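Student: Here is what each chain is made of, one letter per residue.
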Amino acid sequence: MSDEVILAGIADVARHHLDWQGPFTLDMRLVEDLRLDSIRLLTLAAQVENRFRILLDEADEAGIETVGDLVAIVRRKLAG
Amino acid sequence: MAETLNAYLGRAGGRPEDGGLRFVDRAERERWMGWAEVRERALAVCGGLQELGVRHGDRIALVFPTGPEFFAAFFGALLAGAVPAPLYPPVRLGRLDEYLRRTARMLEVTKAAVVLADVRVKRILGESVAMARPRFGCRTLDDLPRADGVPAAVSPSDLALVQFSSGTTVDPKPVALSHRAVVAQTEILNSFFVDTPELRHSCVSWLPLYHDMGLIGCVFPALARQAELTLIGPEHFVARPALWLRAISRHRATISPAPNFAYGLCVHRIADAEMEGADLSSWQVALNGAEAVAPSVLRAFVDRFARWGFRPAALSPVYGLSEAALAVTFSGLAEPFRSRRFDREGLSRNAACEAADGREIVSVGRPVPGFRLRILDEAGRELPAGRVGRVWIAGPSLMEGYLDDPAATARSLRDGWLDTGDLGFLQPGPEGAELFLTGRAKDVVILNGRNYAPDEIERAVDGLPGVRTGCAIAASWLPENAEGEVLALFVEAARDASEDDLAVLPERCREAVIGATGLAVDRVEILAPGTLPRTSSGKLRRQEALRLYLSRALTPPAPVTPLRMVKAMARSGLAYGRLRWGRAGAGPRE
Chain W
465 MSDEVILAGI ADVARHHLDW QGPFTLDMRL VEDLRLDSIR LLTLAAQVEN
515 RFRILLDEAD EAGIETVGDL VAIVRRKLAG
Chain B
876 MAETLNAYLG RAGGRPEDGG LRFVDRAERE RWMGWAEVRE RALAVCGGLQ
926 ELGVRHGDRI ALVFPTGPEF FAAFFGALLA GAVPAPLYPP VRLGRLDEYL
976 RRTARMLEVT KAAVVLADVR VKRILGESVA MARPRFGCRT LDDLPRADGV
1026 PAAVSPSDLA LVQFSSGTTV DPKPVALSHR AVVAQTEILN SFFVDTPELR
1076 HSCVSWLPLY HDMGLIGCVF PALARQAELT LIGPEHFVAR PALWLRAISR
1126 HRATISPAPN FAYGLCVHRI ADAEMEGADL SSWQVALNGA EAVAPSVLRA
1176 FVDRFARWGF RPAALSPVYG LSEAALAVTF SGLAEPFRSR RFDREGLSRN
1226 AACEAADGRE IVSVGRPVPG FRLRILDEAG RELPAGRVGR VWIAGPSLME
1276 GYLDDPAATA RSLRDGWLDT GDLGFLQPGP EGAELFLTGR AKDVVILNGR
1326 NYAPDEIERA VDGLPGVRTG CAIAASWLPE NAEGEVLALF VEAARDASED
1376 DLAVLPERCR EAVIGATGLA VDRVEILAPG TLPRTSSGKL RRQEALRLYL
1426 SRALTPPAPV TPLRMVKAMA RSGLAYGRLR WGRAGAGPRE
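One line per chain: the protein sequences are W and B, in this order. Numbering of the first sequence is given in this note's numbering, commencing with residue 465 and proceeding in unit increments. Numbering of the second sequence is given in this note's numbering, commencing with residue 876 and proceeding in unit increments.
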C-alpha cells in the first residue's frame, strides 16, 4: 500500500469519525493542527487500527506527532 | 453486615449466580471473571506483595487498563492490608513527557511503595518511576514473587483507597477514603437497587476504573450485592459509543451511569444500523453525573433512543464528588428528570426566582440517605431556599482528608462538614428540598467529566506575541441549550501588540492551549489591557470575569454543539493554514 493510499485512508477516518473538514497533509501536527483532544486522539488511534487492521501499542505511538509520523507507522505495521 | 471492602470480597461465592465481572472488548467478545476468581487472583497478588515486604497501610499505585489484572492488583493490595491508588494510563498518541511528569508527581504525592502496571505501561513508566523512586520499583503482576497470600486484618478506620479527584488535572488531589466511608457509600448506592424474585439488578459501565463513578459507583456495589457488572474499556467506548448501548441491551442491564458528554456522543456518533435489534427497555436508571447536566442533551438522547425502547424516566441527574466518596444527591430514579427556569438577572444577584423565559437548570435531586446539605453564604451563614450560595455537605462517606495534606484538608473539612466548592440553591420539591447547581466557586474547569486547573491553561498563552504576560483567564460554563460545557479564554492584549499579532492571536492561543493541555478552547476573547477584573492585591478574579462576560452579551451566546465546535475549529485551521503558508488574505477573526 503506497503512502498516498495510507494518507487518504487516515484522512477518511478523520473526516468520518472526527468531523475534520480542513486540509489534510503530512506535516500537520495531530494535537496543534488537527485540534485533537484526548478523546479525539483515542478515537483516531482506534479507528486507524480498525481501518488498516493493525494494532498499535504504546511503543509505536510514543513518537507520533504529525500525520506523516502516523502514515509511517501504518506503513511499517502493514509491512509486518 | 460487612465493614470493609475485604469483607465483601470474603463473602464472594463461586457459582455463576454469585455474580462477577464481564469484560467486553472492541469486537464484543466477552470474558467472565466471577467474584470468587477475583478473590483467588487477588490472593496471589497479596502473597507476592507480602513476600516483597509491603506493609500494612503502604500505598500501592496501580496503572492498568480495564481488565482482570486491574482487579487482581486492586484487591490484592487490599488483602495485603495496603491501600490501592489507581492512576491513569497514558493517553493514546498523546504527550508522553507530560504524562510521565504528572505520574511521577502522583507517585510522590501518594508515597507509593510500589507501582503495579501491565507489561505495556511498565515499559513507558520508566522515567516516572526513576523520578519518584518507590521502594519496590515498578512491577508487572508476573514480576511479583510467588507466595501464598495471608489476608491481613483490616479495620473500618483503615484507608481503603486513594482516589484522585475525577481525572486529569495539573494538581490532582489525592482523596483518602477509609473502608468505613467506602462501605457506607456502597450501602447507600445499593439501597436504591433492591433485588426482587422477579428482578436482579445489573450494571454496565464503560467508565475508567481510576474514576470514582467507575470504581466506587459500579464495582463495589456489584461486589457487595454479588451481582453482575459488565465493563467496557473507556478507550473502546470512545472509539465506538454503540458498544455501550448494545451491551446494556444484550445483558438486559438495569443500571448504567455516565457523564453528560457521553449521552451527547451517543446522539451524534451512533448510526441507526448499529442499534439494529437493540432493546433498551431494561435500562431503568441512566445516571448522569460527574459534570454539569445539559437539559438539551437529555432531551436529544430521549428523542434519539426512545425508538429502541429507552425509557425517558430512566434519566437521573445526580451530584457527587470524590471527597464524599461519590454520591451526594440523587434525583427520583423512576421519574422523568426535572428542570425549571430561573430569572437570569436574579441569579446574578444570588436569588433564584422562577421565570418562564429564564435560564433552565436541571435538578440533581435530594440528598441520598445519611447525607445532609446546607447552602451557606460567603460569611458562613446558612441561606434559605431560593438563595444561591456555597454547597456544604455532611454524611457517612466523607473523605478522611487529602492524603498527607492537612492544610488543604482544613480548607475543605470543618466540624464534619465538607465545602464542595460548588454553588447552588435549594427549591421545595414534592418530596423535599431539591438541589439546583449554578456553577463552581472553585475555579476548576470541568470538561468531559474531568477536572482541569485553569492556571495551566492560562500559562500556556503566556509569552505568545501580543499577549500581556499573566493576563489570561480560563473559565468554563454550560451555555443555555448547549450540549456540553464550553471553555473560554479571556486574554488581555499587550499594549504594543501589532495588528498582525492580534489577527492571529486567537488561533495561536488555541494552538498553545491544546499543545500544553490537550484541551480545545471554544471561545477566545482578546481584550484591551487592564480589562480583566482583579482583587485589591492584583489577583485575577476568574468568577467575576466569567460573570461579566456572560451578562454583557445582550443576546445569549449562540448554542454550541460538538459538531459546530469542530467545524469552527476546522475553519480556523484552514485560515491559520493560509497564514502559515504565507498566502495573502484576511486573517482568522472570531
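Note that these hints are calculated values from the structure, not bench results. The structure displayed is predicted, hence computed values, not measured ones. Beta carbons are placed, not taken as given, at the ideal position from N, Cα and C, and that holds for glycine. Hints are not guaranteed to be accurate.
[Said to hold, decoys possible] Residues of chain B placed beyond 10 Å of chain W at every Cβ, according to the derived structure:
| id | residue |
| --- | --- |
| 1 | Gly889 |
| 2 | Arg901 |
| 3 | Arg995 |
| 4 | Glu1110 |
| 5 | Val1177 |
| 6 | Asp1232 |
| 7 | Leu1248 |
| 8 | Gly1393 |
[What the hints assert, rightly or not] Pair ranges (Cβ atoms, derived):
| id | chain 1 | residue 1 | chain 2 | residue 2 | range |
| --- | --- | --- | --- | --- | --- |
| 9 | W | Met465 | B | Gly885 | 26 to 32 Å |
| 10 | B | Thr1344 | W | Asp476 | 47 to 53 Å |
| 11 | B | Asp1330 | W | Gly527 | 15 to 21 Å |
| 12 | W | Arg540 | B | Arg906 | 52 to 58 Å |
| 13 | W | Arg540 | B | Arg998 | 17 to 23 Å |
| 14 | B | Asp1252 | W | Asp476 | 25 to 31 Å |
| 15 | W | Gly527 | B | Pro1340 | 52 to 58 Å |
| 16 | B | Gly1390 | W | Asp476 | 23 to 29 Å |
| 17 | B | Arg1249 | W | Asp476 | 52 to 58 Å |
| 18 | B | Arg976 | W | Leu519 | 38 to 44 Å |
| 19 | B | Cys1228 | W | Gly527 | 54 to 60 Å |
Student: Taking the hints in turn, state whether each one holds.
Tutor: Each hint tested on the structure:
1. At roughly 34 Å from the closest C-beta of chain W, the C-beta of glycine 889 of chain B stays outside 10 Å, upholding its exclusion from the interface.
2. The non-interface label for arginine 901 of chain B is inconsistent with chain W: the shortest C-beta to C-beta separation is roughly 7 Å, within 10 Å.
3. The Cβ of arginine 995 of chain B sits about 5 Å from the closest Cβ of chain W, inside the 10 Å cut-off, so the non-interface label is violated.
4. Not every Cβ of chain W is farther than 10 Å from the Cβ of glutamate 1110 of chain B; the closest lies at roughly 5 Å, contradicting the non-interface assignment.
5. Every CB of chain W is more than 10 Å from the CB of valine 1177 of chain B (nearest about 23 Å), matching its label as outside the interface.
6. No Cβ of chain W comes within 10 Å of the Cβ of aspartate 1232 of chain B; the nearest lies about 32 Å off, and the non-interface call holds.
7. Distance to chain W confirms leucine 1248 of chain B as a non-interface residue, since its nearest Cβ pair spans about 32 Å, more than 10 Å.
8. With 10 Å as the threshold on Cβ separation, the claim that glycine 1393 of chain B sits away from chain W is violated: the shortest Cβ distance comes to roughly 5 Å.
9. Taken as a hint, the range 26 to 32 Å is violated for the pair methionine 465 of chain W and glycine 885 of chain B, whose Cβ atoms sit roughly 55 Å apart.
10. Between threonine 1344 of chain B and aspartate 476 of chain W the beta carbons are some 43 Å apart, a value that contradicts the proposed interval 47 to 53 Å.
11. Between aspartate 1330 of chain B and glycine 527 of chain W the CB atoms are about 30 Å apart, so this pair departs from the stated range of 15 to 21 Å.
12. At roughly 30 Å, the beta carbons of arginine 540 of chain W and arginine 906 of chain B sit outside the given window of 52 to 58 Å.
13. Against the hinted window of 17 to 23 Å, the Cβ-Cβ separation of arginine 540 of chain W and arginine 998 of chain B comes to about 18 Å, which satisfies the hint.
14. Taking 25 to 31 Å as the suggested C-beta distance range, the pair aspartate 1252 of chain B and aspartate 476 of chain W does not conform, at roughly 56 Å.
15. Between glycine 527 of chain W and proline 1340 of chain B the beta carbon distance is about 29 Å. The supplied range of 52 to 58 Å is therefore violated.
16. In this structure the hint that glycine 1390 of chain B and aspartate 476 of chain W lie 23 to 29 Å apart at CB holds, the actual value being about 26 Å.
17. A C-beta distance of roughly 55 Å is found between arginine 1249 of chain B and aspartate 476 of chain W, which places it inside the suggested range of 52 to 58 Å.
18. At about 28 Å, the beta-carbon gap between arginine 976 of chain B and leucine 519 of chain W misses the expected band of 38 to 44 Å.
19. Checked against the hint of 54 to 60 Å, the pair cysteine 1228 of chain B and glycine 527 of chain W passes, with Cβ atoms roughly 57 Å apart.
Hint violations for this structure: numbers 2, 3, 4, 8, 9, 10, 11, 12, 14, 15, 18, all remaining hints satisfied.
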